[in-house]
Structures are given as C-alpha cells and as structure tokens.
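Student: Order-wise, the sequence lines are chains P and E. Under my numbering, the first sequence has 161 at position 21, and the numbering climbs by one with no breaks. Under my numbering, the second sequence has 286 at position 146, and the numbering climbs by one with no breaks.
Don't read these hints as lab results, they were simulated from the structure. Treat the hints loosely; a few may be bogus.
When chains are identical, the list treats them as one kind, so a pair holds in a single copy or across two.
Said to hold, decoys possible - No more than 30 Å apart at the CA atoms, straight line, and that leaves these computed lysine-lysine pairs for DSS-like: (1) LYS233 to LYS169; (2) LYS209 to LYS242; (3) LYS307 to LYS169; (4) LYS174 to LYS242; (5) LYS307 to LYS208; (6) LYS174 to LYS307; (7) LYS169 to LYS242; (8) LYS209 to LYS307; (9) LYS208 to LYS242; (10) LYS233 to LYS307; (11) LYS233 to LYS174; (12) LYS242 to LYS307.
Number of protein chains: 2
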Amino acid sequence: MSETIDFDALFQHGRLYSGFDSEDEQTLKAEGGKLLPHLQSVTDQFYAALAHIPDAQPFLEGRLEALKKTHVAWLQTVFSGPYDANFAAHMHKVGEVHVQVKLPVEFMACGMIQISRYLIPVLAQVYAGDSDTLARMMKAINAVTGFCLILMQESYQSSLLAQELEKFMSITGISRALFNNLAAAYKD
Amino acid sequence: MSETIDFDALFQHGRLYSGFDSEDEQTLKAEGGKLLPHLQSVTDQFYAALAHIPDAQPFLEGRLEALKKTHVAWLQTVFSGPYDANFAAHMHKVGEVHVQVKLPVEFMACGMIQISRYLIPVLAQVYAGDSDTLARMMKAINAVTGFCLILMQESYQSSLLAQELEKFMSITGISRALFNNLAAAYKD
C-alpha cells in the first residue's frame, strides 16, 4: 500500500491538521534529548494503564517486553526527529502495523492521550521553575503527538474501509470485478 | 440511534481509554472557572487555524459566527462538568452532529489538538510561577479533551460503517433483508 502514498503531502497534511509548526520542531530539537532518559518509565506506565483495559489484553499477552522495547524506540524517534517525509512515512507505517494486527482504532487516540498523560509529570519535573520552557515543550509535545495520531488514524481509515469492502464481497459472493463494474455504473 | 446507547458504560469507556480520573475532575472543578474568560479567544484562534485547511471551508462558509457561539458554549461545558453519563451523552451527540453534516473524521482529532494548542499559552499565563498547578491542569485538560475525542470518534465509527454498508447495498442492489440472511449464513 505504502508505495502509492505521497509522503511529502502526508507530512504537510499532518502538520496542517495538528498545528505542528517550525517553532515546535525547534523546541523538540533543542529540548527533546532531556526526555530520552524518561521514555522507559513513560512506556512502563503506558503499558500498566493498558493492563486495565480488557480489550487490549489479547494484543499484549506474551509479548509485553518486546512491545515495550519497540515502544521506547518509537518514542525516541518522536522526540528526536528529523521531522520530514520519512518521519511521516514511519508514523503512517506504525498505523498500518496496528491495522494489520486488527487493533481497534480507538487505541490510537487512547495511546497518544496516555503517552501525554505520563509525559506531563516528567515535563513538570524537568522544567520545574521554568514555566516558559515548560509551556513551549507542552505545546510542542501536544503538536507532535497530534501529528502522529493524525497519520496513524489515516492508515486506519483507508485500511478499514478496504477491509469492510472485502467482508461485504465475501458475504455476498460478489467478485471485485463485478463490484467495480456496478460501482462505475452507480449514480450517487 | 442514541436511545439504545448505555451512557453510563460509555462514560466508563471514555474514562478508561483517556485516563480521565477523579484527580482530573477535581482539578477541573477547582480551576476550570479561571479558563472561562479565555474560551472566546481560544475559539477565535481555533477557527483561524481551520481557515488554513481547504477541506474545512465548506463546513465554515456563511456560518462562522454561529459556529463560534456553539463552540464557546461547548467548551464551557467541557471545563465545568459535571462529569457523568449526561456529559458522555452530550459529547457523543456532538460527534453524531458532525457525522450528520459529513465532516471528515480526521477533524475530530484535529479539533482537539488545536484546542489544546491554544489553551497551553493560556495556562502558562494563568499559572505563571505555579508549575505544580500548571502541570495538574495540563494533565486534566489532556484527559478531558482526550475523553471528548474518544467519545466523538465512537459516534463516527458506528455511523461510518453503517453508511458504508448502505452504500454497498445501493451499489449492488442487495436489500437489507438479503444481506442479513447472507451475513447470517456466512462463516468468517
């Protein structure tokens, strides 16, 4: 699927919808390194929160340590950049991987909200007494996590509709060719 | 559609997925009033940001002032509570209204990210020199906006799949009764 996507356009789309701007990029480049030592703890708290959500359990059982390792590595890229078409492609790919394992889409928003939830106390600690940088970092983190959410949900939208169509065709026994012909002849 | 929804269960679902907890509720009850004078300005900046997104224009043209008024009133409920099943029902209804006007789902995440974007400088100003309360309010606002996002997107998911099914049935000429019979006979 990825081959046909214009990731420059997707990067601009993500920036526009999340408001992730040059100021945020510069803030993350300058300050993101200070968060890296805390990403393991944020990840541990993230998976501890998911442990309370029954629908998440089938996706966690027996693979928690591997997931945590991937999650920390992913968070490191979120707070390191560079923020460009490759970054957009990577975040879109993360969405695709979640679609492929059939993780319900609501876990994308859930995940980004929970990550911010556990990052905020870290920021308060790292920037205690420096409200200006604290506020700039909060703005930048809201934007970059929002950017990731927009792109991951984008993967879901295209894939879920394709999956639903596959399901309808299986149920009715209609072939892809017949469906395409009917759709071409159909006036909305 | 709303009549069949268990809003107590939806409230608990929203809390679980967003991490919106009792501490956040208490923080918003105690501090939310301080944000009310700023919600008009946040709303003005929110719609100024949307003005840069081409796909948003058909939903804004000719009704900007009415939308702003509704938006400020809605934000006031978000920061006032009470946070209960009625609150969940209201947020779900807001999602339904957006589905009905066919606003693309990505504007739900876009909207909540942009609201936080413009609230963060307000918080930095209101809580300058009080990093503790600033951090608690940031945590509470991340949670309550996340709660609203989860519930609004929930409206979309159920409605969008229903719309896709309708479209599929229209294109193929298959009736609802026939589709239901085929679906019942189909083994996944």
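Student: Each hint should be assessed against the structure and marked as holding or not.
Tutor: Hint-by-hint comparison with the structure:
1. LYS233 to LYS169: within (23 Å within a copy, 40 Å between copies)
2. LYS209 to LYS242: Answer is within; shortest intra-copy Cα gap is 21 Å, inter-copy 40 Å.
3. LYS307 to LYS169: neither (44 Å within a copy, 46 Å between copies)
4. LYS174 to LYS242: Neither: 34 Å inside a chain and 42 Å across chains, both beyond 30 Å.
5. LYS307 to LYS208: neither (33 Å within a copy, 41 Å between copies)
6. LYS174 to LYS307: Result: close neither inside a copy nor across copies, 47 Å intra and 50 Å inter.
7. LYS169 to LYS242: neither (34 Å within a copy, 38 Å between copies)
8. LYS209 to LYS307: Neither: 34 Å inside a chain and 42 Å across chains, both beyond 30 Å.
9. LYS208 to LYS242: Within. Shortest intra-copy distance 19 Å satisfies the 30 Å Cα cut-off; inter-copy 38 Å does not.
10. LYS233 to LYS307: Answer is both: 23 Å inside a copy and 29 Å across each meet the 30 Å cutoff.
11. LYS233 to LYS174: Intra 26 Å, inter 41 Å, cutoff 30 Å: intra-copy only.
12. LYS242 to LYS307: The answer is both: 14 Å in one copy and 23 Å across copies each meet 30 Å.
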